[in-house]
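**Student:** Line by line, the protein sequences give chains R and V. Counting from 43, one number per residue, gives the positions in the first sequence under my numbering. Counting from 63, one number per residue, gives the positions in the second sequence under my numbering.
The set of hints was computed from the structure by calculation and includes no laboratory data. Please note: incorrect hints may appear among the correct ones.
A few chain R positions that, by computed beta-carbon distances, are all more than 12 Å from chain V [unchecked claim]: (1) Q54; (2) D68; (3) R171; (4) A178.
Simulated restraints, written as ranges between beta carbons of each label pair [to be verified]: (5) V:D159 / R:G50: 50 to 56 Å; (6) V:W154 / R:V169: 41 to 47 Å; (7) V:R96 / R:G50: 22 to 28 Å; (8) V:E129 / R:D98: 26 to 32 Å; (9) V:S123 / R:A90: 20 to 26 Å; (10) V:A138 / R:R57: 32 to 38 Å; (11) R:L174 / V:G71: 39 to 45 Å; (12) R:G50 / V:E130: 17 to 23 Å.
For every residue, glycine included, the Cβ atom is placed at its ideal position computed from N, Cα and C.
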Amino acid sequence: MNDTIDAGAENQVTRYASAVRAAFADLPGPERELLLEDLEDHLAEVAAEAGGPLIDRLGWPEAYAAELRASAGLAAAGPARRRGVGPWLRETWGARQLGRLWRAASTHPAGQAVLEFLPELRPAWWVLRGYLAVQAASVALSLLDANLGGLSFPVRPRARCGRRDRAYPAGAEAGLTTEK
Amino acid sequence: MDTTQLLKGVLDLAVLAVVSERDGYGYDVVRRLRAAGLEDVGDASVYGTLRRLYAGGHLTSYVVPSEEGPHRKYYAVNEAGHALLADSTGTWRSFTDAMDKLLGSEGEEAA
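If we strip away everything but chain V, and leave its shape as in the complex, we get (with noise of 0.2 Å):
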């Protein structure tokens, strides 16, 4: 199955839950996914996303100053983005189990 279509729709989670976890800049919010096994999200796709929260309010930003590299646009999530990250995550959960009773016996069958 090809798992960007799937990311699409959960990308907004996906960021929301990284960045709640620790605050981060846009390829550093890649790296994490990527590390989390989220191997096929694309760097565009995570940078877009970031813009969108934060343009939706669901982020907040700050400036980090750095001596050898540029300086760095960290994300953090704010209230609303946690109110998100909570109310999408019920959402998400509600799905998954929906799907695994879905595919429950004939998964089983199939592994």
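Bound-form chain R, shown alone (with noise of 0.2 Å):
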């Protein structure tokens, strides 16, 4: 694109910037596009100049990613996320209206106040994911068991309860706040 970047730098930036791209994998598609548009250009245009590695300039990738994630009012990523509904239900139209309300909430004050609160409502969230399945396990049993008349089954399944094994960031704590 730039004739005046070598293919070294060209080979850095590319490696710089899908190591910053690889920390958002979080994110839904259109929110880390819009979050990462210039990735390329800011950093062919920081290796144009003299002064060293990209490394040197801008320090690691992972930690280039926390600035900017902090910065843009972003929790701090979790760990890997499971694979599941889970990134295609935050794709769908309903999550796109929570992230609008979201980041209309993130520039307020009062709504700022919420958002550092949500992370703690998280065991809640686990609680109520196991209940709900456990209430799906019984009304397809119930279905099941009108179906087939006397047949009934004496194994009824464990709901899948939340596994609460992995450790979770206290995620707003690395938002900057944005004092009015």
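Could you fit the two chains together into a complex? Lean on the hints.
**Tutor:** Below you can see the structure in the form of structure tokens.
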């Protein structure tokens, strides 16, 4: 794209950019693109200046990503997420509306207070998921019972309760607060 | 004193001030902040702050095509941004006044 950048610098830009992008794998596509759309251009511009390797100038890509994430007002990245319906759900219309609401809330002091409190609700969310799974299983079983007449199942499946063995960071503390 | 901690609190204000002076794209804003004396400002912090101010409705953006380099996303301060800038400037002034008073006599002794 830019003739002034030699192949080595371009390679460096590509590697640095992909390491930064990897740290945002948990974000939904459109949000990620908005955040990282001029990442390569920025890196190329820094690399085109004299002053040594990108890592010397900008720090490690992971640190760059964390700084970008915090200053953009996003919670710190959690551990690698399980792929499931979550990512799909996040891309849906309802989730986009929530995202809009989230962004609106995060620019308002009262909204920020609420957002900082949200991660505290995670355990409750896991419990609710377990409860819903139990309810769904009993509805399914009662339907089966109804359809199969006298045939009943001696074994009731154990509800898949939320696994809580994974550590979550207290995400909100990384967000920069906007003092107004 | 670690200026990066201080910067965190005032980066919104600094970025708004720079962009209100003249529209700019990400790295241009970084350079202008450094030229103004905020040498420790982090590139990623400025990019993130621009994104957040934009998402919060305080900046608008437009793309400027370039013949030799990449097309660049420029940011401009809108009405809401100017209001935030004015409000934050007031907060900053009263804060620094208080700090100046607090440090005044000791600062002179130290100097």
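**Student:** Each hint should be assessed against the structure and marked as holding or not.
**Tutor:** Here's how the hints hold up against the structure:
no., hint, in the structure
1, Q54, "holds (15 Å)"
2, D68, "holds (16 Å)"
3, R171, "holds (29 Å)"
4, A178, "holds (36 Å)"
5, V:D159 / R:G50: 50 to 56 Å, "holds (51 Å)"
6, V:W154 / R:V169: 41 to 47 Å, "holds (44 Å)"
7, V:R96 / R:G50: 22 to 28 Å, "holds (26 Å)"
8, V:E129 / R:D98: 26 to 32 Å, "holds (31 Å)"
9, V:S123 / R:A90: 20 to 26 Å, "holds (23 Å)"
10, V:A138 / R:R57: 32 to 38 Å, "holds (33 Å)"
11, R:L174 / V:G71: 39 to 45 Å, "holds (42 Å)"
12, R:G50 / V:E130: 17 to 23 Å, "holds (20 Å)"
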